[in-house]
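> What follows is the residue order along each chain.
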Amino acid sequence: MAVAPTRSRKSPRRQKLEAAVNYPLDWLEERSGLIGAVRYFLFRKVPGDTNWFHTLGSATLTAFLVQALTGAILAMYYQPHPATAYQSINHITNDVTLGWLVRGMHKWGASVFIILMFFHMARVFLFGAYKYPRELNWIVGVMLLAVGMLEGFTGYLLPWDQTAYWATVVGINLNGTAPILGPFLADFLRGGAEIGNDTLSRFYSLHMLLIPGLIFALIGLHLYLVVRLGVSSPPWSREAAGGGDYPAAPPSTNGRSGLTQPTARSGWRRNGGES
Amino acid sequence: MTEPQHEDRPHLPGPSLYPIGFAAGVACILVGLIVNPTLIAPIGAAIAIVFGFLWARDATMDYRREPEPIEPERREAPLTAPPIPADRGEAAMPAPEPGERFPRSRFLEASTLGLGAVIGGLVTVPVVGFMVVPAFKGQGYPDVDLGPLDNFPEGKWLITTFYMHPEAGNVSRRTAYIRNNGQLNGEPSFTIISNRCAHLGCPVQPNGPVQPGDKKQVTPGEKGQKVTLVPTIPAGGFGCPCHGGQYDPEGNRTAGPPVRALDRYQYAVVNGHLVLGKPFSVAHVDGEGKNAKIHAYKLAGPGQHIDGWEQILYPIQPPH
Numbered sequence: 022m023a024v025a026p027t028r029s030r031k032s033p034r035r036q037k038l039e040a041a042v043n044y045p046l047d048w049l050e051e052r053s054g055l056i057g058a059v060r061y062f063l064f065r066k067v068p069g070d071t072n073w074f075h076t077l078g079s080a081t082l083t084a085f086l087v088q089a090l091t092g093a094i095l096a097m098y099y100q101p102h103p104a105t106a107y108q109s110i111n112h113i114t115n116d117v118t119l120g121w122l123v124r125g126m127h128k129w130g131a132s133v134f135i136i137l138m139f140f141h142m143a144r145v146f147l148f149g150a151y152k153y154p155r156e157l158n159w160i161v162g163v164m165l166l167a168v169g170m171l172e173g174f175t176g177y178l179l180p181w182d183q184t185a186y187w188a189t190v191v192g193i194n195l196n197g198t199a200p201i202l203g204p205f206l207a208d209f210l211r212g213g214a215e216i217g218n219d220t221l222s223r224f225y226s227l228h229m230l231l232i233p234g235l236i237f238a239l240i241g242l243h244l245y246l247v248v249r250l251g252v253s254s255p256p257w258s259r260e261a262a263g264g265g266d267y268p269a270a271p272p273s274t275n276g277r278s279g280l281t282q283p284t285a286r287s288g289w290r291r292n293g294g295e296s
Numbered sequence: 366m367t368e369p370q371h372e373d374r375p376h377l378p379g380p381s382l383y384p385i386g387f388a389a390g391v392a393c394i395l396v397g398l399i400v401n402p403t404l405i406a407p408i409g410a411a412i413a414i415v416f417g418f419l420w421a422r423d424a425t426m427d428y429r430r431e432p433e434p435i436e437p438e439r440r441e442a443p444l445t446a447p448p449i450p451a452d453r454g455e456a457a458m459p460a461p462e463p464g465e466r467f468p469r470s471r472f473l474e475a476s477t478l479g480l481g482a483v484i485g486g487l488v489t490v491p492v493v494g495f496m497v498v499p500a501f502k503g504q505g506y507p508d509v510d511l512g513p514l515d516n517f518p519e520g521k522w523l524i525t526t527f528y529m530h531p532e533a534g535n536v537s538r539r540t541a542y543i544r545n546n547g548q549l550n551g552e553p554s555f556t557i558i559s560n561r562c563a564h565l566g567c568p569v570q571p572n573g574p575v576q577p578g579d580k581k582q583v584t585p586g587e588k589g590q591k592v593t594l595v596p597t598i599p600a601g602g603f604g605c606p607c608h609g610g611q612y613d614p615e616g617n618r619t620a621g622p623p624v625r626a627l628d629r630y631q632y633a634v635v636n637g638h639l640v641l642g643k644p645f646s647v648a649h650v651d652g653e654g655k656n657a658k659i660h661a662y663k664l665a666g667p668g669q670h671i672d673g674w675e676q677i678l679y680p681i682q683p684p685h
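Residue numbers (the working numbering), protein chains in the order written: chain V, 22 to 296; chain E, 366 to 685.
Same shape as in the complex, but just chain E:
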């Protein structure tokens, strides 16, 4: 190695006023753009250009100079000792002590894998939870106000269409078939059958005339959700357009693939309004109207058995 020739020269460029001039020029442009774009801004631009050029020239002085010759570095091969073969000499890693069950390399291997697993888990678990858990959390059926009792004349069926979650829009529109059964022990009695087919969930239709001319629309409740009531005479019960499941007017399966009767809704009468509660599943119904004996079960999905031996196939239901 030769000694550097300019040992006393500072390696960094000396302090320079050009950047300050450049900054002043830029500031002048900015002020000029507001105050007087035609005069002051161009002056500022000129100052910035001049000082910028000087600054650039000053800063690149070292690079534009003739390169100093640098002597190539040389490394003489040592003449004395021959290279040590790989299989002899000191090992890169000490051999494990005799009787050592857990050498360092195995520890590092395991800790690398373990740490990777921990990091992977930390990332994966919340993401998978985010995907799965919301589908099972806070699921439920809110009460729905269907309007005054006067709209439900005794003994008449009404195709009642309402919004389960008005804020969610049309996708939450549901339909129930409602009949006022008159008074039972001094309380009004209703038959409220869900239109969700107990086979695979298509909407069942009334087997009988529908009277859309007598349609009635009410907007009870605070959210202003619409409830539509259309009279019908389902003399032949209900039928499903998808796979032909048939039900009698009480919702009992009479033919086709469904595994049980149609679901029903709980109801309450609040301040003279009919209020829809939670839906529940029905195995079958004995009798009819207000004297019907409903074999009710917890709500199950369409196609799922709730009684008989097949019920062991569906031991647990998600929380609804």
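Just chain V, same shape as in the assembly:
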């Protein structure tokens, strides 16, 4: 990232300014490589015909980050004890400045997160983007869906009102009807044979520590695979590019890697040999 001395028409003042901006970036890059990594992530090649449907994944990520942020701040006012949980939620909603807004963001954002996950999943399914070599990323995505739903289940109990309580009773008993290990799963979730004081703090811990950590780790893996394998093209790419039946004409690379090429299916290099 060193600034190469080129003959440019930039004024000396602008050059100075650029140097001043670049110096700390260069300093960081030299010691960590982070700038290069971020550039690699942000400016990587994607197919030319990606469209708005491809933004559903980042929308889901944004929804999750909103949940993480609002949840962390709600935790500053929420008290996970049966005697005080409901009152503290009332306090957040009615007394704390902007509490109604942040709680609303967290409550409605939870539904938005789940809905966006399904939209994103539908996009990947309908575009056939789960196929080789991206099967593993589909699997990671399904894990994210599962833990995302678990996040919704554990969060639903926290207001500790009648809806929350009975919905959790039903949800836990539903898990209890799983064959063989179901009864044990239900006892594990309840922290005992019956819902009690430990159940609430147990769900709170799962909801705001264990599961979010798992989600962050899985999102990291998900994004790593996205960057490594590249974004897939929409299914109509080949036709739009004038391609024919399956063994297509040799792909033009346009400077893209094979994996991001819409028509590169038949042309993947298997052992670094010819395409």
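These aren't lab readings, by the way, just hints derived from the structure by calculation. There may be inaccurate statements among the hints.
Label-pair restraints from in silico Cβ distances [as the list claims (entries may be wrong)]:
1) Arg453(E) <-> Gly149(V): 52 to 62 Å
2) Ser226(V) <-> His608(E): 24 to 34 Å
3) Met97(V) <-> Ile598(E): 47 to 57 Å
The beta carbon of each residue, even a glycine, is placed where N, CA and C say it ideally should be.
Once you've looked at the hints, dock chain E against the given chain V.
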């Protein structure tokens, strides 16, 4: 290397009385704060400041002096032998003996991994145990004193609300539907049906009038736990508000998603009081009242089959 010029000078600063003076000043402040804050404490502060300044000046004398010039260290490159290329010369680690199956490097590798696994296990196992085991340990249903038998008139249903664990508060509040069936072979007979729906555990409600005006509250037992009795006439049996499961007055499923009849409680009569025992699950009930034949099983969670071929899905239950 040149010889150091001040070989005879001691490297540590010589003994000094200034710290003692400083300490005396601080002690004087502390004493003064108690004895006379306006006079003695300031004197102590002055002493501490003066001696502190002298001490600091004395201690930093070496640093404030002109730095002595130090000749840069030089290392002449040896002119004789050329450097040995990496692929020749003596190896950093001796090659394994011919026929040696387990070289040192492999041993170190395995022991590093093994030790890591042992340390990881030592940390993880107790933590996971702490998370899982308490949910299965010491779980049970204590006996609950529901008060004198006189409160349960013969042939009448009572919505009986009590606290399973009074110390845990409202979260342990449970409800049972209790009917006194009169005497059977000289012993009082009761029908005690749990309100936990056999579908997914919602509270079933009586299908018939409830008479909250005739509510009765008693506080039997040593812990002072409240027991509330509200008369009802569940002529249409019981129904669940969540998913519509329906039961007849004996708790048999008549419609909807439940997989078996309503659970019941064991009971005993102790010193004229009705005492609730452990709950148990019921497949179905033949007959009614004191002549009912109850097909009883060990307590199972809601939605779990206890008879028929489906019972093979739930072979073991956690200890309750």
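> Does each hint hold? Answer for all of them.
Here's how the hints hold up against the structure:
In this structure the supplied range 52 to 62 Å holds for Arg453(E) paired with Gly149(V), their Cβ-Cβ distance being about 56 Å. For the hinted restraint 24 to 34 Å between Ser226(V) and His608(E), the CB-CB distance of approximately 30 Å keeps it satisfied. One distance hint, 47 to 57 Å for the beta-carbon pair Met97(V) and Ile598(E), holds here, with the actual separation near 51 Å.
Consistency with the previously given hints is maintained throughout, with no hint failing.
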